[in-house]
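Protein chains: 2
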Amino acid sequence: MIILGLDPGLASFGWAILEKDRKSGLSIGDCGVIKTPAGELLGNRLCKIESELKDIIKNNVPDMASIEELFFVKNIKTAMAVSHARGVAILACSRAGLKINEFTPIQVKQALTGYGQADKKQVGFMVQKILKMQTLPKDDNTVDAIALGICLAHSCGVV
Amino acid sequence: MIILGLDPGLASFGWAILEKDRKSGLSIGDCGVIKTPAGELLGNRLCKIESELKDIIKNNVPDMASIEELFFVKNIKTAMAVSHARGVAILACSRAGLKINEFTPIQVKQALTGYGQADKKQVGFMVQKILKMQTLPKDDNTVDAIALGICLAHSCGVV
Chain Z
4 MIILGLDPGL ASFGWAILEK DRKSGLSIGD CGVIKTPAGE LLGNRLCKIE SELKDIIKNN
64 VPDMASIEEL FFVKNIKTAM AVSHARGVAI LACSRAGLKI NEFTPIQVKQ ALTGYGQADK
124 KQVGFMVQKI LKMQTLPKDD NTVDAIALGI CLAHSCGVV
Chain W
4 MIILGLDPGL ASFGWAILEK DRKSGLSIGD CGVIKTPAGE LLGNRLCKIE SELKDIIKNN
64 VPDMASIEEL FFVKNIKTAM AVSHARGVAI LACSRAGLKI NEFTPIQVKQ ALTGYGQADK
124 KQVGFMVQKI LKMQTLPKDD NTVDAIALGI CLAHSCGVV
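Which chain is which? The protein sequence lines are Z and W, in order. Using this note's numbering, you'd call the opening residue of the first sequence number 4 and step up by one each time. Using this note's numbering, you'd call the opening residue of the second sequence number 4 and step up by one each time.
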């Protein structure tokens with residue numbers, strides 16, 4: 004089973020491909036972040052996100068997607084910007100026939116660390132441990148996308 | 004010049020095609036509302052909105068689009084749902100090469116009635132008067148989409 008983890012954002016959109024191997028369990032296939040410049044037109048930024056996600060889906064052929072659900076919102080303006088990118092991502096996944104699973108940050112933290120209020124460091128530690136990664140990606144959105152993928156694998160009984 | 008007016012929403016997405024005629028000024032070409040059921044998967048709802056907008060653009064070949072900008076937000080959950088649909092619409096317009104113009108509700112009301120705090124009835128009255136429509140569309144989102152189109156035409160010096 005191949006899982007696409009997505010941490011949506013307009014400026015930085017994290018993504019990760021996780022693979023289930025029968026012997027070694029869950030492993031990371033590829034991961035990264037789609038960046039779009041703040042000064043660019045919104046339409047161009049959304050086109051870039053959609054194009055890159057389409058390529059990622061085409062190249063990795065995931066079976067399902069795991070995407071962050073915005074629940075508690077600190078900044079309305081940011082939440083709306085993220086929702087634009089999230090809408091485009093859900094469209095791209097849906098067009099590719101992927102089943103989309105949504106998890107709140109609390110659910111992700113709970114699944115990875117057993118504690119819904121865990122901080123970024125604790126989540127990163129568990130991501131690295133579960134996937135036996137030598138180093139963590141530098142970008143927080145990429146790490147969050149991996150965590151979302153693990154959370155889905157966990158809910159499917161893979162981890 | 005052909006203008007596509009868009010009043011984004013997830014459940015009801017209003018759209019309107021306005022045409023500038025050299026003799027009679029601005030007129031309404033076509034208008035309507037894309038409805039998606041609340042019980043449907045978010046991905047399917049966004050796919051439906053994108054598909055219908057693509058068809059509207061293909062059939063009417065607008066030169067530019069006018070879309071509502073969310074500014075003051077009463078309900079965060081609604082604002083995020085609308086932003087998903089809005090992201091997909093901006094993507095569809097941008098993919099079709101349309102220049103996208105954004106207007107706040109206050110700007111639209113100001114352009115149509117001269118008063119930024121005008122109510123729905125006053126906006127509807129001016130929409131009907133400017134376009135010499137015998138009756139107004141029943142759906143509020145459709146009327147708002149027409150108003151957005153008029154607002155863009157106004158800002159381009161067409162009205």
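These are calculated hints, taken from the structure and not from any lab test. A hint or two may mislead.
Treat identical chains as interchangeable: a pair holds within one or across any two.
Pairs of lysine to any residue, SDA-like flavour, derived with a Cα cap of 20 Å [unchecked claim]: (1) Lys141 <-> Thr107; (2) Lys51 <-> Ala99; (3) Lys123 <-> Glu43; (4) Lys51 <-> Ala14; (5) Lys102 <-> Gly42.
Intra- versus inter-subunit Cα pairing at 20 Å for lysine 123 with glutamate 43: Classified as neither: same-chain Cα gap 29 Å, cross-chain 34 Å, threshold 20 Å.
Status of alanine 14 relative to lysine 51 across identical chains (alpha carbons, at most 20 Å): within (11 Å within a copy, 26 Å between copies)
Alpha-carbon proximity context of lysine 102 and glycine 42, limit 20 Å: between (33 Å within a copy, 16 Å between copies)
Status of threonine 107 relative to lysine 141 across identical chains (alpha carbons, at most 20 Å): Neither, since 22 Å and 38 Å both go past 20 Å.
Alpha-carbon proximity between lysine 51 and alanine 99, which holds within one copy, between copies, both or neither at 20 Å: Classified as both: same-chain Cα gap 17 Å, cross-chain 14 Å, threshold 20 Å.
Violation of the numbered hints given earlier is confined to hints 1, 3; the remaining hints are satisfied by the structure.
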